[in-house]
Structure formats: C-alpha cells, structure tokens
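**Q** Sequence:
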Amino acid sequence: MKSFIRRFAYEIIIFILMTAVSIIHFYAIDFSGKPFHNFYRLLYTIPILLAAFKYGFKGGVITPIITGLIYSPHILLSTGIGSQTYNELLDITLFFVVGIITGTLVEKRNIRLMKLENQLKQYVLLEEYTNGIIESIKLGVIVVNNDMLITIINQGAKEVLNINEDYLGKDLHEVFICCDRIKEKIKTAIHQNHIIENNEFVVKKEEEKELNIKVSVFPLTFQDISKGAVITVDDITEMKKLQYHIQRNDKLAALGELSTGVAHEIRNPLAIIKAVGQTMKSEIQDNKEALKELEIIDEEVERANKIVTTLMKFAKPNKNIMEYCMINNVIDDILMIMNKYIVQNEVSIVFNRMADSQEIKVDKELLKQAFMNIIFNGVDAMARGGILKIATENLENKWIKIRFEDTGMGIEEKHLEKIFNPFFTTKDEGTGLGLSIVHRIIEDHNGLINVSSKAGQGTIFEILLPAGEGVGSNR
6 MKSFIRRFAY EIIIFILMTA VSIIHFYAID FSGKPFHNFY RLLYTIPILL
56 AAFKYGFKGG VITPIITGLI YSPHILLSTG IGSQTYNELL DITLFFVVGI
106 ITGTLVEKRN IRLMKLENQL KQYVLLEEYT NGIIESIKLG VIVVNNDMLI
156 TIINQGAKEV LNINEDYLGK DLHEVFICCD RIKEKIKTAI HQNHIIENNE
206 FVVKKEEEKE LNIKVSVFPL TFQDISKGAV ITVDDITEMK KLQYHIQRND
256 KLAALGELST GVAHEIRNPL AIIKAVGQTM KSEIQDNKEA LKELEIIDEE
306 VERANKIVTT LMKFAKPNKN IMEYCMINNV IDDILMIMNK YIVQNEVSIV
356 FNRMADSQEI KVDKELLKQA FMNIIFNGVD AMARGGILKI ATENLENKWI
406 KIRFEDTGMG IEEKHLEKIF NPFFTTKDEG TGLGLSIVHR IIEDHNGLIN
456 VSSKAGQGTI FEILLPAGEG VGSNR
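If you want the working numbering, it's the 1-based position in the sequence shown plus 5.
Please note: incorrect hints may appear among the correct ones.
Beta-carbon label-pair distances, calculated as ranges [said to hold, decoys possible]: (1) Glu-417 / Asn-198: 41 to 49 angstroms; (2) Asn-451 / Asp-337: 21 to 29 angstroms; (3) Thr-242 / Glu-417: 14 to 22 angstroms; (4) Lys-143 / Lys-192: 43 to 51 angstroms.
I should point out that these hints are in silico values taken from the structure, not numbers from a laboratory.
C-beta: ideal position from N, C-alpha, C; glycine also.
Full structure from sequences and hints, please.
**A** Pasting the structure below:
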C-alpha cells in the first residue's frame, strides 16, 4: 500500500483536489444562503495546472476533459442553483485554454531541459574521456591557465613531482619552488605562444633528493585566444644514471686497455732499478749513508710495484672461479678475518641477516675482496669509532641485496659521482683504485652498486647481486 501511494502520490493529490473543488463548487453556500460556486469554479484551474506541470501537454488536455465532465451537469441537466449556460461554457473553454497553454509551455520547457541535460551528459562524457586520455598518459601532465593557476593534474605528474589534488587551483610556482628557470620558461611559452620541448632541469624532491626531469610546454589556445598551457613532465633520473654508467664503463674500458700497456712498460724498468739497487748494496756495505738512501729507493720501488700490481688487477682481472655459496657465510668469514682491525678502531658491527639465505653463484674470493674494501673504507671513515650496519635481503628471489651503512664522516656531494673513478681518492694515502676494483667485481657478477652519502652523516653502499646464476662465463 505504501509503495502504491509513493508511486501515484501526484495523481492522488490531483484527484483529491478535483474532488474537493467539486464538492465546494456544488454545495458551498454564501452568507445570503445562495450558492457560492461562481467563485469556487475557478479553483478547478489548480488541479489542471498541477497536471499540466507534471505531464505536460497530455496532462493539460486530459485534466480539462475530466473537469468538463464533472462540470457538465450545469449545462446538460441544469443541475445547481443559478446555472448560466453561456458562462459555464466559457468556464470549460477557459479550463482547456489554461491546460493547453500551460501544457504546451511545460512541454517546451521539458524539451529545452532534455536538450540541456543531453548536452550536459555529452560534456560530462567528453570531460571523462579527456580525463581518461590524460590519465592514461604515463608522462606527468599539468594544465595551467593564463594566471599560472593549476587546473588539471594527472596521476603521472602526482607521482613524478610528489604532489596531490590539493595543488589544484594553486600557483604553478608552488610545484617548482626551487627551480626559477622552469617557471620562466613556462611564462615565456604562454605569453609568446611558443612551444618549448625537451628542456632538462634538476629539481629537488622530498628530503632534498635531486630529480632529473624533462619539461615540454604547449600553449593552450581557443579561437586564437590564449587559455594557458599544457605542461608535460618526464622523470629521466634513471635514464641519466644509465647514461652516466655507460659513459663511465666506456672510460673504464679504455683506461683498462691503456693501464695494461702502461703497467707492462713500468714494471720492466722497476725490475731493473731493484736489481741495480741490490747490486749496489752488496758493493757499498761500509757506506751507511748510501745504504740508507738505497733502502729508500728499494721501498719506493716496492710501493710502485704494488701500484702496478693493483693496476693490473683493475685492468685485467683474473678469470672468475664460480661456486655456490651463502652470502651470509661470506660476510661472516670477512668479519672473522677483520675482527681485530674492527675492534682496534672501536667500531661495532650490527649484522641484520636475511632469514633464508639463498645460495648464489659467485667468485667467493673476489666478492670477499670487494666487501672487505667497503668495510675497510667504512671503518677508516669512523676515526673515533662508530657503528657499521650490514644487512642482507632477498628481493623476491630475483636479487640479493647487501647494504653497508657507516656512521662516519660521509662524502661531499661533489665527490660522489667520481667515487668509482680510477685513481680518485680524498685520502692522503692510497692509489684510488680500491672502489674502482669493487665496482669492476660487482659489475662482473652482473650486479649493481650504488652509494649515497652526506658530509657528516655517514655513507651507505648498496649492492644487488642476481639470485640466479650470477656472472656468466664471459671472462
């Protein structure tokens, strides 16, 4: 019953109104005791108007017909007191005029509303379609108006620039706070209606992390009137790193070839100098001053020989001897060997080992050499003692991650990109080949090595080794 009432509520109201008006019309008495229906008959227009508003032209025609039938006893049967046929015919005609005019106007209004609704739906669909296209673009897309206020941000831009929907309506300057060059380029593109493509910039992300981005600006015009600009942002940080690694590897390969020849050429004269020195020692046993100088020559020859040997290892490493081993066990062996050195330097080791240590195929001795070099550098950086954290992690059975984190003096940012370069060192002693050899060893195992550091805050080395067969038999 309730559902019936809810469904036909409007029709019930119209029926009740017509019934009430009919009763009043036929039986209402004025103060002089005469029928008062001459006034109340005008109330029939109320249900007629309601029906016309609800059902349009159809309601504006059907309701006057029903009203005319109810009203017809005045004419056909002369029912009611003081009936005037002419006036009553005019009343019925008036009911039809009111209903038809109102219904027609309502129909026209409904048609206009339907057209507007259809247009609105089309606009909504078009907007959704456009947003779908923008969201499907992997590049970051930002749309701004002429006042540089952001109107659209796609998911790519949110991820690249670490922003969210809160930036909608804000000035573009708030996105590129630390890079005035980008803002000037975008302003120029909008004001001069000029396309700017593939401009590369370095911006700061969260925690002052640098981000390499490629920005293009396309002016947005409508009927030759500027409406703002569409800005695309592409994160090329990884591509820049890859380019850097390729360039560095090319340099290392060329340097390796050169080092091989140079090492051979230096080693022969060193051997001659050492032999001559030994001969002279046996001939001038009584000349202590000369012997002392010969000792210095001998020591320097030995030092030069060690440098040449290290250079040869870097330029032409030995053939890898591959074997399966647990990475945790390799690190345990290293810590046992280096324990005395670590304790003497007042360094504490925190080793967070992965739960299930997967076997990987590596050159165990070369890997030890690489890890020991990193640990030596870490301990050396903590002159007043500190903590060296070592952690191993299995990344979805695809990579084994080894992380070394010290609390030492750190490395200045300007030195970071050179740290694996041969002969680069910030120490007073050393050849600067240690980390170059580490890099070569990890690379020969098809692995990756990355370093991050801040002056005064310590250094982190992260190494990724394949969890499968490791290095191939390319050497």
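**Q** Going back to the hint list, which numbers does this structure go against?
**A** Violated hint (a single one): 4; every other hint is consistent with the structure.
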